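A.B. asks: The chain contents come next:
Protein chains: 2
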Amino acid sequence: MAGINRQIQLVELPKGKLSPTHFTLAEAPIPSVSEGEVLLKTILISLDAANRAWMQGATYRDALESGQVMAGGGLAEVIESKAEGFAVGDLVFADTGWQEYIALPAKNLNSVPRLEPLSYLISVYGIAGLTAYFGLLEVGQPKAGETIVVSAAAGSVGSIVGQIAKLKGCRVVGIAGGAEKCKWLVDELGFDAAVDYKNEPVHKALKAACPEGIDVYFDNVGGEMLDAAILNMNEKGRLIISGAVSEYNKAEPRGIRNTLNFITHRLRMEGLVVYDYFKRFPEAQAEMAGWISTGRLKFTEDISEGIEGAPAAFIGLFEGENHGRRLIKVS
Amino acid sequence: MAGINRQIQLVELPKGKLSPTHFTLAEAPIPSVSEGEVLLKTILISLDAANRAWMQGATYRDALESGQVMAGGGLAEVIESKAEGFAVGDLVFADTGWQEYIALPAKNLNSVPRLEPLSYLISVYGIAGLTAYFGLLEVGQPKAGETIVVSAAAGSVGSIVGQIAKLKGCRVVGIAGGAEKCKWLVDELGFDAAVDYKNEPVHKALKAACPEGIDVYFDNVGGEMLDAAILNMNEKGRLIISGAVSEYNKAEPRGIRNTLNFITHRLRMEGLVVYDYFKRFPEAQAEMAGWISTGRLKFTEDISEGIEGAPAAFIGLFEGENHGRRLIKVS
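Chains as they are written, first to last, in the numbering used here: chain A, 1 to 331; chain B, 1 to 331.
The set of hints was computed from the structure by calculation and includes no laboratory data. None of the values given here were measured: they were computed from a predicted structure. Built from N, CA and C at the ideal position, the CB exists for glycine as well. Each hint should be verified, as a subset may be incorrect.
As the list claims (entries may be wrong) - Result set (EDC-like, lysine to aspartate or glutamate): computed pairs, CA atoms no more than 20 Å apart in a straight line:
1) Lys236(B) to Glu252(B)
2) Lys250(A) to Glu224(B)
3) Lys329(A) to Glu77(A)
4) Lys279(A) to Glu235(B)
5) Lys15(A) to Glu252(A)
6) Lys236(B) to Glu77(A)
7) Lys204(B) to Glu252(A)
8) Lys236(A) to Glu138(B)
9) Lys207(B) to Glu235(B)
10) Lys236(A) to Asp276(B)
11) Lys236(B) to Glu138(A)
12) Lys250(B) to Asp227(A)
13) Lys204(A) to Glu252(B)
14) Lys236(A) to Asp196(B)
Stated by the list, open to error - Short, incomplete list of chain B residues facing chain A, as computed with Cβ under 8 Å:
15) Gln56
16) Leu226
17) Gly243
18) Pro253
19) Gly271
Work out the full structure: start from the sequences and follow the hints.
C.D. replies: Okay, structure coming up:
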């Protein structure tokens, strides 16, 4: 198909703080489609802190390289198909990258049902919601009556973690930046308490907000905040390492100091990659759809338009700009 | 019973490095025995790095305080009994502390069968062996063919960890200080390789010694060495935090920097307190006795005589002086 494919390319890999100069807007031809492939038009791109980790070296996927189209997951529509089982108009999740068009082998694609709003397919039913669901329930194993703390609690993952924990009968404390976000967690989402990390020392505030200690800590931040949580963990406490937004932009990560508490309090800390639960995604999505339809799980999105705005929107993630899931509407 | 009870008291709690001035040799009367108690004569005291952690604050036991008899586990003989089920001559494990005599309620005591050498009751069949056994097998869940790395590998826990891992069909790499200890691990204990941390950077040496990465890391050291292991862990790798001998003597622990790897490699790190497996001790002891009697599990001890030498022998633990389990023969 003739035409222009606008895309955001990586100019160079960041060594420390990410800046707009690491990206450039480029134009490429719309790719042609080989046998077994489909041509996709990107509808929405999801901006995840994890995309930043891909710039640090090989992880569960190959490391990004300069000159490449920036990688990222998207919701896309099939506009041409040379693959069995895929027709024009089908919706798929794919690693589209930050671009308007991509041709991909059909065997790596997941069809998704068309539902409204479409954005929910890559937010609450996508990686954010699934990470919250499996991270909290499978890695964290919370029990009713236990105290759960989640950092970046006003973010897309954190806000779902907290609400699911409430649905499971836990006492829930969120850590967020600013009085407004903290008020929203308690008043709108039903958290039991919130700690404003911009306004109070987290270690002491957690101690006050969790008089019976922390049983499960769901971490999206890392570093100092993780260390503060460790000091407040109960025996046999579980720490879920889902993200480390405070660490990605540092040339040298800070890490944690309080490893001795792992011995004295028999703590368990575990990292999470949601794709490990791939086969159980439908089960989680069905349970969350039930909660959403009955108003027990609320979700907010922060959508900007146009692929050209992706770098700035992405960089803003690491400054706590967003309030809810950050998405780019491409078409 | 009239007589003198020599004991080592804590003069003050250390803020940083432990020194002989933190201890003093004192004399107290031999305690009298109340109803339900037994009078114990200490035979052997076990020196554990964990005893140092008790000086840092409350853990799974109350924090130590200055003026107290230094706490520690021992093997003791009942020399007077006012408790049902205990007779003169019975052997027990107890928190005797570093002293010659103690009267204790019988309900907190575990009888042990008399076997030779008696020292094995508080070394390989005691906390060291049980920590190695349950830490490796229950927390680590090693599979045949996997690569296991253990730090402080020439120590009492580490040397057992490595040998059990070999018995379970794993490839085993030990980290120890000095060429002599490393040679002993490979030549005498059957380790596949050893890394001399005094002679080579651990991160690179581990990479060379573990060409297929590390699946299970059993840590007795903490800090920098733990961080170096994290960088070499395979996906779904398990880290057992059993001790942190490099951290106890610091006013501010160093901790670890590489927490991002927990996400990228789905690592799990878990602290261990062996008493959690209390009910399964006989099962572990029976399996280890089988290995020892057939020569497949070797064990060395480092025994000094006299309670007065306990502080120096204990301080030496943190300088890597010992070669095998360090015990004090009291009587």
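A.B. asks: Against each hint, give a clear statement of whether it holds in the structure.
C.D. replies: Against the structure, the hints come out as follows:
1. Lys236(B) to Glu252(B): Not satisfied, since the Cα-Cα distance of roughly 30 Å exceeds 20 Å.
2. Lys250(A) to Glu224(B): Between Lys250(A) and Glu224(B) the Cα gap is close to 19 Å, so the pair holds against 20 Å.
3. Lys329(A) to Glu77(A): 13 Å, holds
4. Lys279(A) to Glu235(B): Judged against 20 Å, a Cα distance of about 19 Å means the pair holds.
5. Lys15(A) to Glu252(A): 9 Å, holds
6. Lys236(B) to Glu77(A): The hint is violated at about 34 Å.
7. Lys204(B) to Glu252(A): 19 Å, holds
8. Lys236(A) to Glu138(B): Between Lys236(A) and Glu138(B) the Cα gap is close to 15 Å, so the pair holds against 20 Å.
9. Lys207(B) to Glu235(B): Between Lys207(B) and Glu235(B) the Cα gap is close to 15 Å, so the pair holds against 20 Å.
10. Lys236(A) to Asp276(B): Given that 20 Å is the threshold and the Cα spacing comes to 11 Å, the pair holds.
11. Lys236(B) to Glu138(A): Distance ~15 Å between Lys236(B) and Glu138(A) Cα, so the pair holds.
12. Lys250(B) to Asp227(A): 17 Å, holds
13. Lys204(A) to Glu252(B): With Cα atoms ~19 Å apart, Lys204(A) and Glu252(B) stay inside 20 Å; holds.
14. Lys236(A) to Asp196(B): Cα-Cα ~34 Å, so violated.
15. Gln56: Where the cut-off is 8 Å and the nearest Cβ of chain A is about 7 Å from Gln56(B), the hint holds.
16. Leu226: Status holds, d = 7 Å.
17. Gly243: 7 Å, holds
18. Pro253: 5 Å, holds
19. Gly271: 3 Å, holds
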